[in-house]
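Student: Given chain V, put chains D, F and C in place with the hints provided.
So the chains spell out like this:
Number of protein chains: 4
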Amino acid sequence: MSTVRFGFIGAGFMGKAHAQAARELKTCFPDAAATPVLTTIAAASEASAKGAAERYGFGSYEKDWRALIERDDVDAVSVLVPNHLHHEIVIAAAEAGKHILCEKPMAMSVAEAEAMAVAVERAGVRNMLCFNYRRTPAVLHAQQLLASGAFGRPYAFRGVYLQDWLADPEIPSNWRLRSDVAGTGTLGDITSHVIDFAQFLLGDISRVQGLMRTWVTERPAASGGGRVPVDVDDEVMSLLEFANGAVGTIQATRFAPGRKNYLGFEVNCEGGSLWFDYERMNELWISRGSSGTSGFERIVVGPDHPYGRHFWPIPGIGVGFHEVKMIEIHDFVRSVVTGENARPDFRDGVQNQRVLEALVNAAATGSWQDVVP
Amino acid sequence: MSTVRFGFIGAGFMGKAHAQAARELKTCFPDAAATPVLTTIAAASEASAKGAAERYGFGSYEKDWRALIERDDVDAVSVLVPNHLHHEIVIAAAEAGKHILCEKPMAMSVAEAEAMAVAVERAGVRNMLCFNYRRTPAVLHAQQLLASGAFGRPYAFRGVYLQDWLADPEIPSNWRLRSDVAGTGTLGDITSHVIDFAQFLLGDISRVQGLMRTWVTERPAASGGGRVPVDVDDEVMSLLEFANGAVGTIQATRFAPGRKNYLGFEVNCEGGSLWFDYERMNELWISRGSSGTSGFERIVVGPDHPYGRHFWPIPGIGVGFHEVKMIEIHDFVRSVVTGENARPDFRDGVQNQRVLEALVNAAATGSWQDVVP
Amino acid sequence: MSTVRFGFIGAGFMGKAHAQAARELKTCFPDAAATPVLTTIAAASEASAKGAAERYGFGSYEKDWRALIERDDVDAVSVLVPNHLHHEIVIAAAEAGKHILCEKPMAMSVAEAEAMAVAVERAGVRNMLCFNYRRTPAVLHAQQLLASGAFGRPYAFRGVYLQDWLADPEIPSNWRLRSDVAGTGTLGDITSHVIDFAQFLLGDISRVQGLMRTWVTERPAASGGGRVPVDVDDEVMSLLEFANGAVGTIQATRFAPGRKNYLGFEVNCEGGSLWFDYERMNELWISRGSSGTSGFERIVVGPDHPYGRHFWPIPGIGVGFHEVKMIEIHDFVRSVVTGENARPDFRDGVQNQRVLEALVNAAATGSWQDVVP
Amino acid sequence: MSTVRFGFIGAGFMGKAHAQAARELKTCFPDAAATPVLTTIAAASEASAKGAAERYGFGSYEKDWRALIERDDVDAVSVLVPNHLHHEIVIAAAEAGKHILCEKPMAMSVAEAEAMAVAVERAGVRNMLCFNYRRTPAVLHAQQLLASGAFGRPYAFRGVYLQDWLADPEIPSNWRLRSDVAGTGTLGDITSHVIDFAQFLLGDISRVQGLMRTWVTERPAASGGGRVPVDVDDEVMSLLEFANGAVGTIQATRFAPGRKNYLGFEVNCEGGSLWFDYERMNELWISRGSSGTSGFERIVVGPDHPYGRHFWPIPGIGVGFHEVKMIEIHDFVRSVVTGENARPDFRDGVQNQRVLEALVNAAATGSWQDVVP
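Residue numbers (the numbering used here), protein chains in the order written: chain V, 8 to 380; chain D, 8 to 380; chain F, 8 to 380; chain C, 8 to 380.
Excised from the complex, chain V in its bound form (with noise of 0.2 Å):
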């Protein structure tokens, strides 16, 4: 297989991150398993689905999803639209045997999401969730030195992910503070990601704890005329059990005003410590011991960490976020060919789920939650 070729469904923010990123994986991993080329593209309308078409290169656009899917010229399926879609379109996708890459978080529900990963392990179709910040070269190493165990026994993992983009209540309503939308709020949206960082450095989550707060309650309607409820969560913050035996705290919220993307972690072990800011998604911090003349290193990520040699040929040039979209789609791509999933697959989307919906019953109830692998 030399190709594969995409039907992308959502013409938004992601549909553009997405594009570019396939279009130019070659030109970074010429040794890339396949060319992913951008067939089609369906979007919430016709016009957007023929803008985006144009402006993003596809060869051609479809009025509506389900067309979309029965093409015989589509090999993939990037979905890319809100949360409340995922769980339909994917097992149409699956059933029509299309491969799936779909964003985050998955679903409205651990039943939505386990459907979805049955669906595709019934089709037999490769299938990968877009937890993207993982696949920043900086968190990249970080999994790496700790899988290799340089650093002995995982103790705890601290993580955090703060914006402020949310914190004026006069900033308008969107589709991502509706229940019915987007499921849940910051939980969903940011909360998520971390649960992905903790899962992919320490591993399963086995039991949790938190709270859940919704600062303002209504906004301005964003059509204008009035103010519409808001009924998601504004902030979490959660206590975590792993498996191994580490513990965790994770803050997440929208309403931190001067943090615009800090999604970070720190994770202590025996033998060392690692820090992390996604603002500062170049860098990672390094602490290989606990003596006192020792500290952490500043570590600017370059050709010598992972997939960084198909950037640029030192450090400090700068990757952005188009670079770990690419390394997303050589994944997948890489996971079509060989008919092996990438990570995070959507039995990992299934234990995120779990452990969001974990989240959501301990701050109703107050109780640590199971969550069942």
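These aren't lab readings, by the way, just hints derived from the structure by calculation. Careful, some of the hints might be misleading.
Copies of the same chain look alike in the list, so a pair counts if it fits in one copy or across any two.
Straight line, CA to CA, 25 Å or less: simulated DMTMM-like cross-link-like pairs of lysine to aspartate or glutamate [claimed, not checked]: (1) K33 / E61; (2) K57 / D175; (3) K70 / E53.
As the structure is a computational prediction, the values presented were derived from the model and not from experiment.
Tutor: Okay, now just chains D, F and C, sitting in the frame of chain V:
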């Protein structure tokens, strides 16, 4: 009253810090309410007391703390000994009519703390706890900013206290690792400071959830020869609810390789955020908004900040722990002169102790624990 | 004109960067003045050109750059080859009526640069130099702030460009270490970028003083077998006087262990300061005053900053070198369409080259050198 | 000798700093060579001397510095007055057989400095200059690392000293802005510290080039009523050559809005680099290599670093300027007892003064100036 005559009980690292602060108070604060006089000191042994008296310039020493608190020429007692001794000494000192400056954590239990608070109130003596870090000028400035209402409604607190001096499992045991002396481990030693920050900045904590872990359950005996058990907590994680509606997380550990004295907090409010890290104790990071062009401003604290004019003429010349202790003694001396407690007083200490105890209970039961004010 | 048809000369790391930027221009800038078309490419060898054409999606390739510039279906030529080839290629391309986008440093000498500038002006073609770093959104924002006069009179510029990829004396030689190919070492390679920053931010440099050093005078031959001399500068330090009265220093080196691509500047003005470091290219540090309570604010650049709305919806998602090159091609394409050069054009390049030459003379003679505008 | 009896001349901010350090020396250094005794103090006026004597705990005060240096019960004189008085006082004190600790800059000219050096040598008294910043534990550690040869051949020094307390042109004049009192402006006040760092870390400076600027040529009179001229330099920039072959740049200014006491240096050697910034005086940044996976390690200085064990038990509790001055007095007292000067002694000061004078000449003539050792 032109002097406050001190008797110290304890000659360790804290004895040195308190003595130096007392001796230099008038150097930096010529208008201090009174001049501290280092009258006498008692310690674990006569030799230790004698040595400290010479080194720190006390006029005399005592073989026994009981003799010290009986002296007529002692106005105030500084209790600088391990936690399990606070209760007995404080009550005796109060009954002897001495004002009391007591190191933290206050006591081994809420019951002990309450008895101590009752004793000082019955005796009508001034009382203060050495949660000294809240007297860092940057932290005082943070508190003023929050109290001024400039940032509006507070949403979230994230407190950390990370050290690494116990990360190596071959570090020998010491009194801080024995429950009969220290009561608890990380909880009383450092978590109590984070709780003090939380209460200082955001007011009463009303409910807590938490977990505690002991990572290394036995260590080489300090005396050499064999290993001894560790029966205190090494790591504490917590969720908080404040009476004012804000929420928070805490991580405290002495097992974070690379972190030395990383006592930090972030507070997110509707209109701004604050970030502080004691490893950079002369800095306060302030965000005053959430627009796309705003961020955190790094303030180097100096003469225009609380107490700063008493030290150096411009910011960035550097104050350290010594100056923090000087501010502490300044305020304590003033309280003795004015008859009005400086904060945190023993009632604040009882409340802090209640949070600690609630955390123990939460960790043991898995249930949220109310903190009765 | 709806397209600008490009012929690239050069297929190295810069070929990859330019190709990718050209291909994605419309993805991010749907309203760009024209669509770049990758028509053809020439390189050091036919095999290299053929490989690059396939990898980067050129419609064809040429064995020889001379054939490329004669093609009727090429509107613009991107000159992406080592320095010593710029002069001949540019003049030939200009005479062939092609618009020219040329990598830096411009030329081997001021005389060459002036001849190149005359050639493009005589031919009436657009011309632009790839001092790409000035198109980092944070740098563009810095320039706007300075140009707005918000900070008042400028006093001082401090520029650094520190790398470490040559610090190890056993790194083999390469073309950047040969004066017959590169002209100069650190001077043309990286100092020229600092000078471009200086001129972009503060205007004309009127006088320079400087020193140059070669730290390692021979290195292993790249081909193996023996050592070859290094006859270019490894380190450049300079003092600057600007026409507007400001002064400055520069340090540029590829021998700073631990610094990867540390291209930074600080500008101090009467009413504020700016600090930027390309290793954190998404940040600009702004100080707006000099009171005892002011400091530097860390701005994470995003959609509210120059060109930012074309990339990601919030700050902190991360743009990298790719986006900087996209801004460059955006502006170049616009210049082709509008007929007005984008800056830095070849006249700016001549001026940059004059500063480089003045630095060589200053280092050789020890005397301040005027830079004739 | 169990005590060194001090007479202070000067009761300003430095009087406070020195007194406090002397008083606390034994608190932190029980094994110090001798105990400083604060015998007497003279100041600009009798009232000032009397007040300082009370506040700082001197046994007596003198109306006149000439009386002070004649006292038999004074072993050492601390010269803490503005620059123009150093020469006369030091020579008289030397002739009276007193050891001398003198604030910086040493003198108004090389001629004065040499006369002072001759005087102390002729008298056989100990002599030391208060370039205190080199005694910051992090800087001492940096010097040890460099002196150990661990980083190999030194290449480059970049020194900065940026403050902002004069950036506002409406700040009234003061003695530091008058050439008849201060000699020079930024040059003697702060540039001299950077030169001390350079000489401490890399040894003798052999040649300098430089420029000086006065940004604000008149200011409101401190007394109110009218404006007075400023006849000293506001900004100094310099290039340096060291005897060991290294080169360097300096920027020093009191016109950098947002910089408070930003005294920093970077040293690049073949095998490593160091970075220090006094605004974060408890940190040293160390890079130990130039591979693609190396970077700067942030060391929080503590008990394992020079003098650190005399202060607090773990890194990060925080030392400040007070502790730096304590280290200074510790070393001076030792020099008095041992009979061997502590560095920087007056010969070092003469050399520092020669660099300052060479900078003035370089700035005036535009020519490189040799610095005769």
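Student: Okay, which hints does this one fail, numbers in order?
Tutor: 2
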